[in-house]
Structure formats: structure tokens, C-alpha cells
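*Asks:* This is what each chain is made of:
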Amino acid sequence: KNQVEQSPQSLIILEGKNCTLQCNYTVSPFSNLRWYKQDTGRGPVSLTIMTFSENTKSNGRYTATLDADTKQSSLHITASQLSDSASYICVVSGRNAGNNRKLIWGLGTSLAVNP
Amino acid sequence: NAGVTQTPKFRILKIGQSMTLQCAQDMNHNYMYWYRQDPGMGLKLIYYSVGAGITDKGEVPNGYNVSRSTTEDFPLRLELAAPSQTSVYFCASSYSRTAAVANYGYTFGSGTRLTVV
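Chains A and B supply the protein sequences, listed in that same order.
First residue of the first sequence: 1, per our numbering; consecutive thereafter.
First residue of the second sequence: 116, per our numbering; consecutive thereafter.
Calculated directly from the structure, the hints in this document are not laboratory data.
Misleading hints may appear alongside valid ones.
[What the hints assert, rightly or not] Derived CB-CB ranges, DEER-like: (1) A:L82 with B:T135: 34 to 44 Å; (2) A:N55 with B:N180: 41 to 51 Å; (3) A:Q72 with B:Q132: 38 to 48 Å; (4) A:P8 with B:A197: 31 to 41 Å; (5) A:V45 with B:N177: 24 to 34 Å; (6) A:F52 with B:P154: 26 to 36 Å; (7) B:R192 with A:E15: 37 to 47 Å; (8) B:R192 with A:F52: 30 to 40 Å; (9) A:P8 with B:I130: 36 to 46 Å.
Beta carbons: idealized from backbone N, C-alpha and C, even for Gly.
Work out the full structure, taking the sequences as your base and the hints as a guide.
*Replies:* Structure, rendered in C-alpha cells:
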């Protein structure tokens, strides 16, 4: 079972609308959670990074929330633009044996913004 | 400031052939990584390096080798290409492995799409 689950798998919205993407994780102990945007044919680009003590972080029209107690995060996109069409990937950093932090990547939510 | 540069962008290999995927970064990052991304799967770490002369295995290292002779370069070597190595390969770098301090994230290259036939 994947330790990082994202929903929905895909989403289609109209330009100008808001949307919220979900990420649930079971990684423990937890170090930090990141959201990446990946355009088709490109490498992922970092949007936000949050540690367990942070419950919200914004980057322009992107706002990420984190509830470390319920192990849930969300990414809210405000006033969507056509350029927001991409895959949004939730990544959780855990701490495995030997104190080596390990990134666990979700499968992503594919967002399409239509005019 | 180019960030992370990967070459080539596309490559088709025959089974058993060898090749090196190049990766260079100009941000003076200590940490560098190689990932592969398969359709419908999350990124998987192949190898990583914490500095020049130091490399270590990730989750899926079999069939690959790396070296880190300089801070800037981190090539990935495929010695005997197999169809299972058909994938998109991403190189990334970061200020630190955890990259949690001061919002430092990973910087990714644009990827190399490799097909083994």
C-alpha cells in the first residue's frame, strides 16, 4: 500500500474556478511534506514545503495546509489559469532507520483547466 | 543561472547497449539525485550523492552506476540496457538532503526519455 495517497486522480475545472487537491499519508515518523507541480514533459517544480509545526503555507495562488495529527494535506488553487494544467504531486519526507530521511512520492493529481 | 541541465532529452537504446545520462548543476548544491519516473508510478530514487566523491544507493539502483568527481556533475551510467529501464529519468539537486530548511526544495532537470528496444 502506497504510503502517500492523493485524490482525486484527475480533475477538470473551468478557468477562473478554485479547486482543492487532497493528500493523505501514513509515513511515520514524519519530517516534512512538499507539493510539486509537474508540467507534461518537464521535471517537478517545488511549490511548498511544510514541517510538522506548520499548518499552512502559501505560494501565490497556491495554498497548502497540513494536519499532522490526521496526516492530511491539501493544496488549494485559487482563480485557476490555463497554465495550472499539470500534475500536482504530494511528497512526504519520513525518517527511516539510520536517521536517513526518505522522500515518498505520491502518484499525483492530474489537473486540466479548460477555457 | 541554468539550474539543472540534463542531456540528452531523448534516446533509444538497443538491449545490451550502454550509455551515460549527463547531469550538471550550477547552483553549488551539495546534494544530487537520480530518479526514474514510470507511467502511473511515483518517482523512484536510483542513486544520490551528498558531495563530490560520495555516492549511495537509492531504492532502485540495480543496473545503474554513478560517479561524482565534481560538485557540478553527476552522470548516470547504464551498462547493459534492458527493456525494464525504459523510463523517464530526472536528475535533481538540493542544498541539503532534507531540504526542509528555509524552504529549499529540490531543483529538477527537464528529464531524459529513454526507450530500450
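*Asks:* Each hint should be assessed against the structure and marked as holding or not.
*Replies:* Each hint tested on the structure:
1. Remark: the range hint 34 to 44 Å for L82 (chain A) to T135 (chain B) is upheld by a beta-carbon distance near 38 Å.
2. Checking the proposed 41 to 51 Å range against N55 (chain A) and N180 (chain B) shows it holds: the Cβ atoms sit about 42 Å from each other.
3. As the Cβ distance of Q72 (chain A) to Q132 (chain B) is approximately 46 Å, the hint placing it in 38 to 48 Å holds.
4. Between P8 (chain A) and A197 (chain B) the beta carbon distance is about 34 Å. The supplied range of 31 to 41 Å therefore holds.
5. With their beta carbons about 29 Å apart, V45 (chain A) and N177 (chain B) fall inside the hinted range of 24 to 34 Å.
6. Taking 26 to 36 Å as the suggested C-beta distance range, the pair F52 (chain A) and P154 (chain B) conforms, at roughly 32 Å.
7. Between R192 (chain B) and E15 (chain A) the C-beta distance comes to about 45 Å, which sits within the given range of 37 to 47 Å.
8. The supplied range of 30 to 40 Å is met by R192 (chain B) and F52 (chain A), whose beta-carbon atoms lie about 38 Å from each other.
9. For P8 (chain A) paired with I130 (chain B), a C-beta distance near 38 Å keeps the hint of 36 to 46 Å intact.
Checked against the numbered hints listed earlier, the structure breaks none of them; every hint is satisfied.
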